[in-house]
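Q: This is what each chain is made of:
2 protein chains.
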Amino acid sequence: MKLLEQAIREKGTVLPNDVLKVNSFLNHQIDTELMIAIGKEFAHLFAQEGITKVLTIESSGIAPSFMAANELKSPLIFARKKKSLTLQDNVYTSSVYSYTKKETNEITVAKEFLNCNDTVLIIDDFLANGEAALGLASIVEQAGATVVGIGIVIEKSFQPGRNKLLQAGYRVESLARIESLSNGTVTFVTKNHLEEVQHENENCSLSVV
Amino acid sequence: MKLLEQAIREKGTVLPNDVLKVNSFLNHQIDTELMIAIGKEFAHLFAQEGITKVLTIESSGIAPSFMAANELKSPLIFARKKKSLTLQDNVYTSSVYSYTKKETNEITVAKEFLNCNDTVLIIDDFLANGEAALGLASIVEQAGATVVGIGIVIEKSFQPGRNKLLQAGYRVESLARIESLSNGTVTFVTKNHLEEVQHENENCSLSVV
Chain E
1 MKLLEQAIRE
11 KGTVLPNDVL
21 KVNSFLNHQI
31 DTELMIAIGK
41 EFAHLFAQEG
51 ITKVLTIESS
61 GIAPSFMAAN
71 ELKSPLIFAR
81 KKKSLTLQDN
91 VYTSSVYSYT
101 KKETNEITVA
111 KEFLNCNDTV
121 LIIDDFLANG
131 EAALGLASIV
141 EQAGATVVGI
151 GIVIEKSFQP
161 GRNKLLQAGY
171 RVESLARIES
181 LSNGTVTFVT
191 KNHLEEVQHE
201 NENCSLSVV
Chain Z
1 MKLLEQAIRE
11 KGTVLPNDVL
21 KVNSFLNHQI
31 DTELMIAIGK
41 EFAHLFAQEG
51 ITKVLTIESS
61 GIAPSFMAAN
71 ELKSPLIFAR
81 KKKSLTLQDN
91 VYTSSVYSYT
101 KKETNEITVA
111 KEFLNCNDTV
121 LIIDDFLANG
131 EAALGLASIV
141 EQAGATVVGI
151 GIVIEKSFQP
161 GRNKLLQAGY
171 RVESLARIES
181 LSNGTVTFVT
191 KNHLEEVQHE
201 NENCSLSVV
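Chains as they are written, first to last, in UniProt numbering: chain E, 1 to 209; chain Z, 1 to 209.
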């Protein structure tokens, strides 16, 4: 997605240890115009899937998934990262380790909002090791609902998350795919590389089947 | 705001200790249509104020403030509830006690996103004791920026938050004002009561001057 790649190039900052800081438009200050475009793109990609719920995780997933849910005419659910006083019982739960924050969070979704008739699109801001997306998918499956796909704003394609999700059988749609953050520079996956990676992924999927 | 009051009546649940659970449309599952209407209403109320930034707090403030920021053509900033690895230095900070969660959070905003030229609208989901709104206002003032008002989705008018904010000199616009949650029933502030409360508040303001 060109608009998003442009924002990453112009406003993103590469920090040590392959951290990409996008605080100025995605996960602290929010560019709502860009988030609306991102949401609409997710909705477009999954328009034919009969989605009944969009599921994300607080806090940075809320803005990019907001308009996706609206366009798909589905409620948006955000998983909570720890139990609150008003959300103690009757929750689906999964443990998610954050490599960035070096901590494990218990993520929860109230059982009343997901059931076996739901067809769910999962959306998150970043895909690196796949922990958050797999945690969200686990919650959907605990409910007996179906994951139709995982929409990611920024994928670190040099980390194992994408392949883990493909191997688990999920459709993954990432709006920006980063091949490398070496030397403080953002390099996106190019079309040729993309085909190679897709081919590789097809093999992964096949090996699972 | 009638649509919001209707959602509270139809989908809200009153729990013990004056807790109003609105998990089904505001702070766990999100009704994006309603949030868009709420955001537009905030934008309308503050349209003449020359707002340059909308400031809220993760996570439940993000959805209702998203479209307000978009309509006002301002970035949306959400204060973080604790420091993350990518947001350690150069932050404004304030301590906020949550009576609902019985815990104190350090809320932070990166200094780069607020400065003395900013005219800021603060938005939050609930107003009860006023702690979160006052913490956000403190952050704006640490930046030398101006708070032009505080937009609240649901105000518990029987708790002291509104008067604290008025006494501190802030304009407060709450889209639903709850007079009582006694006996498990939601009672909204009616027009007559509203005038009384406003009169009372004017006296409060005067007594401060």
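Be careful, since some hints might not be right.
Claimed, not checked - Some chain Z residues judged to face chain E by a derived CB distance under 10 Å, without partners named:
{"no.": "1", "residue": "Asn23"}
{"no.": "2", "residue": "Asn27"}
{"no.": "3", "residue": "His28"}
{"no.": "4", "residue": "Thr32"}
{"no.": "5", "residue": "Ile36"}
{"no.": "6", "residue": "Pro75"}
{"no.": "7", "residue": "Ile77"}
{"no.": "8", "residue": "Ser180"}
{"no.": "9", "residue": "Asn183"}
{"no.": "10", "residue": "Gly184"}
Derived from the structure by calculation, the hints contain no laboratory data.
The beta carbon of each residue, even a glycine, is placed where N, CA and C say it ideally should be.
Q: Please list, smallest to largest, the hint numbers that this structure does not respect.
A: 8, 9, 10
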